[in-house]
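Build the complex from these two chains, which are given one at a time in their own frames, with help from the hints.
Heads up: the protein sequence lines correspond to chains A and B, in order.
So in the numbering used here, the last spot in the first sequence is 375, and the numbers never skip.
So in the numbering used here, the last spot in the second sequence is 525, and the numbers never skip.
Derived by calculation from the structure, the hints in this document are not laboratory data.
Watch out, some of these pointers could steer you wrong.
[Claimed, not checked] To give an idea of the chain A side of the interface with chain B (calculated C-beta under 8 Å), a few residues: (1) Leu-104; (2) Met-110; (3) Leu-128; (4) Arg-207; (5) Asn-309; (6) Leu-310; (7) Ile-361.
The C-beta atom is built at its ideal place from N, Cα and C for all residues, glycine as well.
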Amino acid sequence: MENLFFEFFQNTGFFLCDYRNIVMILIGIIFIYLGIAKHYEPLLLVPIGFGMLIGNIPIFHGLGLGIYEDNSVLHYLYFGVTSGIYPPLVFLGIGAMTDFSTLLARPVLMILGAAAQTGIFLTFLGALALGFEPNQASAIGIIGGADGPTAIFLTAKLAPALIGPIAVAAYSYMALVPVIQPPIMKLLTSRKERLIRMEEPREVSKREKMIFPIIAFLLCCFLAPAALPLLGMLCFGNLLKEAVVTERLAHTARNAIIDTATILLGMTVGASTQGDVFLTGQSVGIFVLGAFSFCIATACGLIFAKIMNLFLKTKINPLLGAAGVSAVPDSARVVQMVGQEEDPTNFLLMHAMAPNVSGVIGSAIAAGVLWSLMV
Amino acid sequence: MYGLEAISANNGWSIAVVGITIVFTGLVMLSFCISRLHRVIDFLEKFPDRKERAAKKKADKAMKKNGGVPAFTGAEKESAKQYRLLARTMADHFSLPRLLHLAEISGLDKPHSRLNMLLEAGIINPDTEGYYTWDLDLYRKIVDRADKDK
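Looking at chain B on its own, in the form it has when it is part of the complex (with noise of 0.2 Å):
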């Protein structure tokens, strides 16, 4: 059997459209997700950032609320007792490294960035001569503030 009787005898046109169809239909698909592909990386390489934004305004909100002194959760709070007893043992100028080993060995929670958060916070301050001091009346307004809001 040969020319167009041969073809329909063997189903070729039903074939022949199936196979282009799927061809397109795949290729079609690709290229729309990977045209897309490039934004949805950059949303999800822009979340972190998203998230951390919101959560600044969260605390900027907060310390407004709190008359400009930073508002610590409890958990925060705590550990800040924690490292004002560590401060307490050295003197009044003292080497922020040494702070940080004293709490990693004492194993106070997220040592790292709970020194982080005091240093943000003002609560430790940088002096003239590389050493650190502990701004006593910060401490106690963010503290006691809180005690008190208890």
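Okay, chain A solo, but in the shape it has when bound (with noise of 0.2 Å):
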């Protein structure tokens, strides 16, 4: 009987446990603190941190229980991340929640949101000089997009070893956006800079809106046809919004869909970051290139933002050019903030809110360009 119990023992977490693990736990614990607590991302760091948790239990191989194991439940769940399909989804939704009149009411707005993806091939040359593959640089690089869904489905096609800690740094950057962004832009912004108002924006048609994700799609996916799985699902998700008639499916599409695929990839991709395999030399290079291409995403697109104003007769505010990063709408909140810093009665968010949701667009095409260049 003694026997028995020592053989189970030998079984139990405590037994198999590694500091690796006990480091991972603690680390899915943080981000579950910061996700509640704090309020940073909830939706994601509080799937992704309890992942970390599933993914951290010591298991003995061969029960079929770990995510890198064949037929367990969790590497059937983790397919949808390895094969791309939950990003998509996850855009579909994202497509289906946003309104894009702010952009068309003012289009030059939507260069903003190019310039800021700048730092993702930065980002690349940096990882390339660091002694990374090029499809591993690449998969670094698009951290800089600040995009989870879109870091995530470059990483699985181009390097699926580096899911994990790309996933987790994308994530961790996104819901430390009003952390990392404001010093940045006060360091390239002047207060006078800061104090611009932007002009009120004109109305839009609904005819235009309706026409818009049709355009987009269009002309982006024949640029860059690898941008498709993303862009197209974007774009389907927002002419379900818009349509009017095709309401019940948008509303799906904003809800359960979205809400599945977050839940599915923010676990598994937390439950991948197992301590064996996520810490390492390569993982913490990655974390400090990620923070590098958020720096870089959002610098690009405040200098950017100031060049355009030695052009435009109607100066804009060069803090918008920070909202160019993806990190909706996180990002464009923080511009808010920074603005109503110096003026309580700016109200930015709106305009902001332009080249947030063209650095999805930029986000998504460069993602694509990326993949067509390194197959």
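This is the structure in structure tokens:
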């Protein structure tokens, strides 16, 4: 009987536990804490954090429990990540939620969304310089797009082994937008610039909003066909929303579908961060490069907005450039927050949504371009 | 391999330049298209108005040429004659819905628009009791002129 107890004890987590599992469990608990107590992207950090707990329960291999073991339940759920199924579903929901009217009212702000994507390619160069393979460097660079689903999608296609660290880095930095962006914004803009008020946008007709997703889809996908899975779903979701007659489908896309995809995506990505796989020097490099990518993307957006002001008759508030990273709507909220620190009556949120949603399109195109150039 | 050497060996500079260019091109093109979108929509929305205005102008011109009498096309005159036949089966002061009903069951072409045409031309006029009368003089002027023109 003692032997039986001892054999059982040998199979428990207490016996099999590694310090790396403990570290990851602690990180998971921090994620859950940040999500619940600090409200930092709770819809993402809570599933990822709990997924980390699930993935770091020490188990002995052969039981078919681990996410990397064939035929385990987690492995099947993780298939949606590795095969790139969940990110397009998330994009469908984002499309069904997003209102492009501010972008349609001032299309020039769309260029800020492109400028912020420069960070992706600069980080790609940085990752190459640090010795990463080109496909890995592409996946790391996309963290600067500040778009979790896009980062996961591209990594699943180019460097599946890095999904865990890249997804965690992308979502961590997205959650930390209110911490990372303001110092860069203040550093690169003067008080006078931060006080600039934006013009009232024009009214946008329903017909314009309905036609936009079709034009955006056709134009962008003809240019970068590899962006099809993400942009196709984004534009389709938006058409469902704007078409009115498909309101029931839009409702499902922006509620049931995106919620299901987010839960499964977050939980399985979290579970993929098993200590022995995750805690490596490479992951540390990815985290450092991810932060660099995010900062560069923010800076590029801000600097480009300042350059645009040299040519525009009606000046734009350069803070809007920081919203070009596609962390929707957090970076737009940060623009509003920093703008209101200087002038509490200056409302920039609505205007910042234009480069913000343009950043979503831009990062999807960037992902498509990198994918097609690497394959 | 590390540093600039690694970037060059992996064709990094070209990939970065091509990538940035494509992203910018895509979004600038999209931005240009959507900046023109509302103008195109405005033009298309106003197009029926313009068409209507042009048709009215043409009709006015034809009316002026006709000595102040509206000019009907062949099919319109035929409809006017058929309506006249129907109106004759009714009292002098007749009900317009009844006339329309008769036109519909008789299988007249475009009964609603043709009836509207007769009202606009002044051939059918309202009386003070809520009924309608047929202006035979005007009707003859329009239809007879057409027959003479033939």
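**Study point:** Satisfaction of the Leu-128/A interface hint, Cβ to chain B closer than 8 Å
**Key:** 5 Å, holds
Practice item. Go through the hint on Leu-104/A and say holds or violated, using the shortest Cβ distance to chain B against 8 Å. Key: 6 Å, holds
Check your understanding: Holds or violated: is there a CB of chain B closer than 8 Å to the CB of Arg-207/A?
Key -> 5 Å, holds
Exercise for review: Under 8 Å, Cβ to Cβ, is where Met-110/A needs to be relative to chain B, so tell me if that hint holds or is violated.
Suggested key: Status holds, d = 4 Å.
Check your understanding: Under the criterion of a CB-CB separation shorter than 8 Å, is Leu-310/A in contact with chain B as hinted?
Key -> 17 Å, violated
Point to revise | Hint check: 8 Å Cβ-Cβ cutoff, Asn-309/A to chain B | key: The hint is violated - Asn-309/A has no Cβ within 8 Å of chain B, the shortest such distance being about 17 Å.
Point to revise | Restraint check, 8 Å cut-off on beta carbons, for Ile-361/A near chain B | key: This hint holds: Ile-361/A lies near chain B, its Cβ roughly 7 Å from the closest one there, short of 8 Å.
Hints 5, 6, counting from the list given before, are not met by this structure.
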